[in-house]
Amino acid sequence: MLTILFDGIAYGMLLFVLACGLAVTLGLMNFVNLAHGAFAMAGGYATVILVNNWGVPFFAALPLAFLVAALLGLVLERSLYVHVYRKSHLDQVLFTIGLVFMSVAAVDYVMGSSQVFVRLPPWLQGQFNVLGVGVGRYRLLIILVCGVLTVALQLVLSRTRFGSRLRAAVDDARVARGLGIRVDSVFAITFAVGSGLAGLGGALGTEIVGLDPTFPLKFMIYFLIVVTVGGTSSITGPFLASLLLGIGDVAGKYYVPTLGAFVIYTIMIAVLIVRPQGLFSRGGVR
Amino acid sequence: MSLPPARPDPGPARASRARWHPLEVLFWLAALACYFVLPSKHLILTEIAILALFALSLDLILGYAGIVSLGHAAFFGFGAYVAGLLAKHQLASEPLAALLLAGLAALLLGFLTSFLVLRGSDLTRIMVTLGVALVLREIANRYAWLTGGADGLQGVSIEPLLGLFRFDMFGRTAHAYTLAVLFVLFLLARRIAHSPFGLSLQAIKGNQLRATAVGIAVNARLISIYSIAAFYAGVAGALLTQTTAFASLDVFSFERSADLLLVLIIGGTGYLYGGLIGALIFKLMQDYLSALTPQYWPFWIGLVLVVIVLVGRDRFSHWTRPLHRLADRLDWRAGQARRATVSERH
Amino acid sequence: MHRRSVLAATAALGLLLAPGAGWAQDSVKIGLILPMTGQQASTGKQISAAVRLYQQEHGDTVAGKKVEVIVKDDGAVPDNTKRLAQELIVNDKVNVIAGFGVTPAALAAAPLATEAKVVEVVMAAGTSIITERSPYITRTSFTLPQSSVIIADWAAKNGIKKVVSIVSDYAPGADAEKSFSERFKAAGGEVTEALKVPLANPDFAPFLQRAADAKPDAIFVFVPSGQGGTFMKQYAERGLDKAGIKLIGPGDVTDDDLLPAMGDAVIGAVTAHLYSADHNSAKNKAYVAAFKKANNFRPNFMSVGGYDGMHLIYEALKKTGGKADGDALIAAMKGLAWESPRGPISIDPDTRDIVQNIYIRKVEKKDGELYNVEFATFDAVKDPGKMKK
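Chains as they are written, first to last, in this note's numbering: chain A, 1 to 286; chain B, 1 to 346; chain C, 1 to 389.
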């Protein structure tokens, strides 16, 4: 069923945009940022407010959502996160979960507990038929945007100087510092961009998976699954992992609806049994 | 040719550490006193005791063997449902028997899933354990004819403890029961921690490769402690079912495992009391805040967590030096220093 | 460490022993246990807002007694509910426990209601068996079969022959699907497929696709209030409305709380439910206006459960002359009937469950906002789940 394949790819791409920031942060800074979902939520709510309340066109709201989340990430990183880098992983877990609690309650207070929706422009709604396959317009948009982003990310990583600095810092931060690379600003920029991507993902995902104050808690699991299965040493790892999980989840629910929820967890467990460091990791455990 | 140096006798150091510190005695006396002095708080103290036992079980694998688990609720929930089903279908009418059976069932589950945590990084273990817990939750949901599904297990009635003590509404029996089980299992855990087995676990936690080189059967030990921890968690879950006469899918939830990790991190890992203290602090804080602001209490708890980390957990223990010394007693790091001193003498 | 635990214990003593000084019996205390946090938080919000509104409008004194409401958050976790209910009964000495956002919560508190002889007023949960768990339980919310059965009747009479059902995979979903299927099949209809969607983080796309592929006349849907929006969006995205596949089901999927933001694709969905914010009665218009003014959001079907629950307690107290013990109250509650913002309702004296009108409504745009507009009424529907016995 090509429509299912299409839907699965869209879902997978969405997961990728949401989770790639987490993968990079984890791989680069060895920092367990369980609050990643909070940035996604920020982007989502920013879009809702921009489009619904201030009448900003949807397309303009997307980059704004990215900026809002990136800015939030930058500010938090410089002010709070930077103090926690050297602490143990357990402390990082405690810290980021504390941030999640705070963000969930704060959003609940300001925006209310109910789910919110984005008012899409009419030409983004519904489907059109391509050779007998129903292609959802919105899902097509997701695939296009995320595809472009992935290519852009890959290009930045491999062709720009910033990219090579980033890769150097991921491989060995100490040596990179020794070479004169300003690892701290690389961290800050990467964190901001990762959070911005999460925000964009949150904005795009509002239509597909819904947005309410408990979003960070609900989706933390999925981000972690993508990062674990994909490994943290590249962009392609999480990308392929997201696709695998997206298609697997959607196809599983279509063909074997009774096993719907099991599929994604079972895939993850199976992958981790066979390759504990993730499908596409370059080996070596952290 | 000189004989290889005899293995230093860890006897004196170990014995000194295994002796009861006066603070420990006071802790348990205070816990007992709460039973008599705070009659209106039986219910929350029972919950704290159950959470403490659950946290103790996580400490066994996290603090002593270095296995991070975000799915420990799997064993908690499994024990909870086994106890519930035993009571509902009247297969084990004495609560203590049901408790033991539930614990053993969880131990078996732990044993069967232990191979999943043998390899991989921290992140891998977190996700695999989480996956197992979530899969179990789905199974419990699917087989609603057995487990009651989302409605929860209905019709559970618990026989009086030892045939004498009915589980009353005020929670008196429940409190005494839970406290007693917690104490007994704590003693057992303490024994394990001080035994050669426990010491070998700490070696594995420190450096798995080196431990293998020294000849410690790493996998066997990890499997054993994982199963034992599963037993403890299963008992905690069974206690929950028995004291509330109810079991629902929430026993498997991600929130339960996550809260547990928080509790243990707050209290500190690796010295057995961390889980107990963390449970006390967390539950009291949650109860107090939730009474103040039923809707937005998570904000304040989050704030407390962030502040704790930013200020630094070690700075808190600055104010509780006796605690530090107790930690040294039960913690392997200081023990190592003592062992080194002992071996020099030989 | 002893220092620490002593400190904690003393602090606990100080803080926790403070309340719970239930003074004279000149006050009647209601323990309101609601999910104020977590995924069901919107239910808790609606009900607590409605309870507040009721007390604002009717004052807090009834039959010479002051009525005090203590709100507790259980996060929809049943062991929390049980402990909170126990503490409210034992420490705060409440006379009534109320609320209960989900079925397991209501069921967990049932044995306490029986043992302590305290009335339990269920304001939200909707499974049939709840009221049978204790002679002290009464309900002012609804039961799922009430709506499912009625929509089945309506569908059979309106040319719908083939239906695919999509429900969330948990007990209320199974309840809804079962009661719908039985009634629909008895009326000659056919349920070609019964799909179950995972409760947490659902992506309805594959299920909707599968349903669409079966080419039914209509899709019967039940998802918990809170997921209706996502479902409707994906239903529209798939173009199912344009393919002539109707959407029917209990009104949870067009929850008033979320309806305004759902978008025009929802227009035309036909549901059966107990309450619409558009219900055309003077009482309701006043209710909706006052509620919106106080809260900035529309009241939904959960809120009337809270509003009417308070009314039930107040009226029962008037009837017993202020006596607040369980037996007197529950006896007074049986058979009470009154006009609620949703329409006329009453408490069945035999089952203690709610008897109410069920309305068939269609989503339409009125004054630029989406509403469930009622166009047919089924009077005084009892819970079908119990009527079979």
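Hints were generated in silico from the structure; no laboratory data involved. For clarity, every value in this text was computed on a predicted model and none was experimentally measured. Do not rely on the hints blindly, as some may be mistaken.
[Stated by the list, open to error] Here are the computed lysine to aspartate or glutamate pairs in the EDC-like style, where the Cα-Cα straight-line distance is at most 16 Å: (1) C:K185 x C:D217; (2) A:K218 x B:E255; (3) C:K293 x C:E315; (4) C:K117 x B:D168; (5) C:K334 x C:E132; (6) C:K323 x C:E68.
Run through the hints listed earlier and report the numbers of any the structure violates, in increasing order.
Hint 3 contradicted; others consistent.
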